[in-house]
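Produce the entire structure from the sequences given, and follow the hints as far as they go.
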Amino acid sequence: MANAPSEHIVRSYEDELTELTRAISEMGGMVEVAISNATQALIGVDHELASKTAKADKAVDDMQRYIDEKAVSMIARRQPMAGDLRHIVSAIHVANDLERIGDIAKNLARRTKHIDSQRVSKQLYNGVRHMSDLCLSQIKRSLDSFTLRDSAIALDVCRQDDEVDALYISLFREFLTYMMEDPRNITDCTHLLFCAKNLERAGDHATNIAEAAYYLETGENLYYDIESGKVQLN
Amino acid sequence: MSVATDLLHAHNEAEETDIKMSGRGVNVFYGEKQALFDVDLDITENRVISLIGPSGCGKSTFLRCLNRMNDTIDICRVTGDILLEGQDIYDKSIDVVELRARVGMVFQKPNPFPKSIYENVAYGPRIHGMTRTKDELDELVTKSLRRAGLWEEVKDRLDQPGTGLSGGQQQRLCIARAIATKPEVLLMDEPCSALDPIATAIIEELIDELREKFTIVIVTHSMQQAARVSQKTAFFHLGKLIEEGSTEQIFTNPTDKRTQDYITGRIG
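Protein chains in written order, with my numbering: chain A, 52 to 285; chain B, 4 to 271.
All the pointers check out, no bait thrown in.
Only part of the chain B face toward chain A is listed, based on derived beta-carbon distances under 10 angstroms:
| hint | residue |
| --- | --- |
| 1 | Met-226 |
| 2 | Gln-227 |
| 3 | Ala-230 |
| 4 | Gln-252 |
| 5 | Ile-253 |
| 6 | Thr-267 |
| 7 | Gly-268 |
| 8 | Arg-269 |
The following residues of chain A were derived to be distant from chain B, with all beta-carbon distances above 10 angstroms:
| hint | residue |
| --- | --- |
| 9 | Thr-69 |
| 10 | Asp-167 |
| 11 | Ser-172 |
| 12 | Ser-221 |
DMTMM-like, lysine to aspartate or glutamate: derived pairs with alpha carbons at most 25 angstroms apart:
| hint | chain 1 | residue 1 | chain 2 | residue 2 |
| --- | --- | --- | --- | --- |
| 13 | A | Lys-281 | B | Glu-251 |
| 14 | B | Lys-260 | A | Glu-70 |
| 15 | B | Lys-112 | B | Glu-155 |
Because the hints were derived from the structure by calculation, they are not lab data.
No experiment lies behind these values; they were computed from the predicted model shown.
All C-beta atoms, glycine included, are put in the ideal place defined by N, C-alpha and C.
See below:
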């Protein structure tokens, strides 16, 4: 394997690359907790947790800046090549996607205070919870594919994205029915619809992370590989 | 499609170019010791190809085969074919002096003759009888110095010794000397290793301009330099050609682990 990382001669370079992966893992962990807490706050109408989650997003933003700075400094000082270059470039991409997922978590948390929990059927919350679980699993596995440099997991994440999309569409229909049934539901359902849409976007970011992981391991662009028939998603 | 997507797709298409020189099953021995093993490598016309690899990997040995510089080493023996436009340069009918005029060379250390700047450049054309009159020779010297990017700096002191120039200028003088005989191929053996970054940048800019007229083969220890100046890169290791391909592919996505380890600075 061209990518099986062996030791660098310059140990501090090796350490910096390891630190970059560690920072991505840490940031990924922060983002997973954020989505999970935001969903819990939303469903449990936990305003305190919601506010805590929204505030925690700053740390995610800081982490992205940290990764960016590390990456730029490594490009400037080490002139990375081949697998190292791909490692650093994909870390920048992944940090960017994680930051966006963090924003989504913040947005979910903030909607907690706009929804009148007394009125909304628990069944609708279930849909959002299910959506959130699916997205979390996508995010987790996309990060696994990155840290383990496993393009098979990355491909699996991309395949699974259809499921997220399908769930969103079914939730959309469900909300629509509910709104038509009783117009007083419109405000709450619109908020929940936005939540579902945002989670669907979070799923897309997980797909982007998987694509970066695919590039990291193979050096190939997943889209071109699909176009040329080298890889089949379905 | 947008311009960007057009470019992306164009980039993926294979380039069609002519082969200027090629090595076929090249083996080189220094006495009992084999330095190169069965090397097959094509050198495309009007392109810069970099030969990279750790010290003693055979890259300079291969370079020296291309204009039979190895002939000067008694114990050196070359087998296999080296073709220049389809003709075997190790054939008995080949005049080595004429060959070296067609395949010029620039060395690691600038080595101007202990003569004037003018004479350094005029020497080759004169011994090859390339010009008939003094005016013709003057013109050729001027043109070569211009093409080597040195003319403006030396035009007022052509009669002064070449050894009095700075390192970077001396190297450009050697390039002017090499191109004065109008070679088809220019071999460069670590031409910038003794130069500072500015002189290096000037030589690299020059290499880029020169490839319009010449085919250039450059041996370099600087990975960044190979990435900057060449369109193709070949990686040698322990006397074998491990991998060759477009420079972009070699430096972003090499296929062989040994290439990856070498260019990223890992223990192979």
